[in-house]
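**Q** Each chain, written out:
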Amino acid sequence: DGGITQSPKYLFRKEGQNVTLSCEQNLNHDAMYWYRQDPGQGLRLIYYSQIVNDFQKGDIAEGYSVSREKKESFPLTVTSAQKNPTAFYLCASSETGVNSPLHFGNGTRLTVT
Amino acid sequence: EDQVTQSPEALRLQEGESSSLNCSYTVSGLRGLFWYRQDPGKGPEFLFTLYSAGEEKEKERLKATLTKKESFLHITAPKPEDSATYLCAVQVRGNDMRFGAGTRLTVKP
Numbered sequence: 019d020g021g022i023t024q025s026p027k028y029l030f031r032k033e034g035q036n037v038t039l040s041c042e043q044n045l046n047h048d049a050m051y052w053y054r055q056d057p058g059q060g061l062r063l064i065y066y067s068q069i070v071n072d073f074q075k076g077d078i079a080e081g082y083s084v085s086r087e088k089k090e091s092f093p094l095t096v097t098s099a100q101k102n103p104t105a106f107y108l109c110a111s112s113e114t115g116v117n118s119p120l121h122f123g124n125g126t127r128l129t130v131t
Numbered sequence: 004e005d006q007v008t009q010s011p012e013a014l015r016l017q018e019g020e021s022s023s024l025n026c027s028y029t030v031s032g033l034r035g036l037f038w039y040r041q042d043p044g045k046g047p048e049f050l051f052t053l054y055s056a057g058e059e060k061e062k063e064r065l066k067a068t069l070t071k072k073e074s075f076l077h078i079t080a081p082k083p084e085d086s087a088t089y090l091c092a093v094q095v096r097g098n099d100m101r102f103g104a105g106t107r108l109t110v111k112p
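Protein chains in written order, with this note's numbering: chain X, 19 to 131; chain F, 4 to 112.
Next comes chain X alone, as it looks inside the complex (with noise of 0.2 Å):
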């Protein structure tokens, strides 16, 4: 079955570390997503690629850092730049057509104390 994998489901960190978050797509699409979602808001995006080796900051970008080496993969780091670094992390992927919807992977619950 295709879909998105996301790894680890849960992860923890000490503040000043710096940690990465995998996400893995086999639904051969071109774009992928990074989404930060906090209780009460709605998703906010980090950053997206819409092809390898380019992507653009979305609007909470500061803090992390992505690559798009493969076309599979679009690895988020979380820098200790980030100054409230603790939430649910959600990868997405979509065709690059108007209109495609996003498909999720199930998240990484990041906490750092």
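Worth flagging that the hints you see were computed from the coordinates, not collected in a lab. Take the hints with a grain of salt, since some may be wrong.
As the list claims (entries may be wrong) - For the chain F half of the interface with chain X, some residues (derived, Cβ under 7 Å), not all of them:
id : residue
1  : Phe37
2  : Lys45
3  : Gly46
4  : Pro47
5  : Phe49
6  : Thr52
7  : Ala56
8  : Phe102
9  : Gly103
10 : Ala104
Claimed, not checked - The following residues of chain F were derived to be distant from chain X, with all beta-carbon distances above 10 Å:
id : residue
11 : Glu12
12 : Arg64
13 : Ser86
14 : Ala92
15 : Gln94
Beta carbons are placed, not taken as given, at the ideal position from N, Cα and C, and that holds for glycine.
Given chain X, work out where chain F should sit, using these hints.
**A** Using the frame of chain X, we list chain F on its own:
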């Protein structure tokens, strides 16, 4: 500024009690409105896309409608398995998708 507001924040229904969830939006140039269902601890699952005012889509007990300023998700005779958070999102340009905060639906048996 593009905004998406969902109401109510939470809704508790008895099994079989029909109701509607609202998604109102103020955006410049709507390209599509999307409904997703999200179960606790999981990623959102796509339900519907609506493109233009007057359009309706149905899936089992769910029916989504769209006007120029809002969308409704009607739930007819809900069952406990319909309990979830329902998210609305609008696409305004390119890959810019704006999400509402969601409505948390609980259906009691």
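**Q** Determine for every hint whether it applies to the structure shown.
**A** Hint check:
| no. | hint | in the structure |
| --- | --- | --- |
| 1 | Phe37 | 6 Å, holds |
| 2 | Lys45 | 5 Å, holds |
| 3 | Gly46 | 3 Å, holds |
| 4 | Pro47 | 5 Å, holds |
| 5 | Phe49 | 4 Å, holds |
| 6 | Thr52 | 6 Å, holds |
| 7 | Ala56 | 15 Å, violated |
| 8 | Phe102 | 4 Å, holds |
| 9 | Gly103 | 5 Å, holds |
| 10 | Ala104 | 5 Å, holds |
| 11 | Glu12 | 8 Å, violated |
| 12 | Arg64 | 20 Å, holds |
| 13 | Ser86 | 18 Å, holds |
| 14 | Ala92 | 8 Å, violated |
| 15 | Gln94 | 6 Å, violated |
Consistency with the previously given hints fails for numbers 7, 11, 14 and 15, ordered from lowest to highest.
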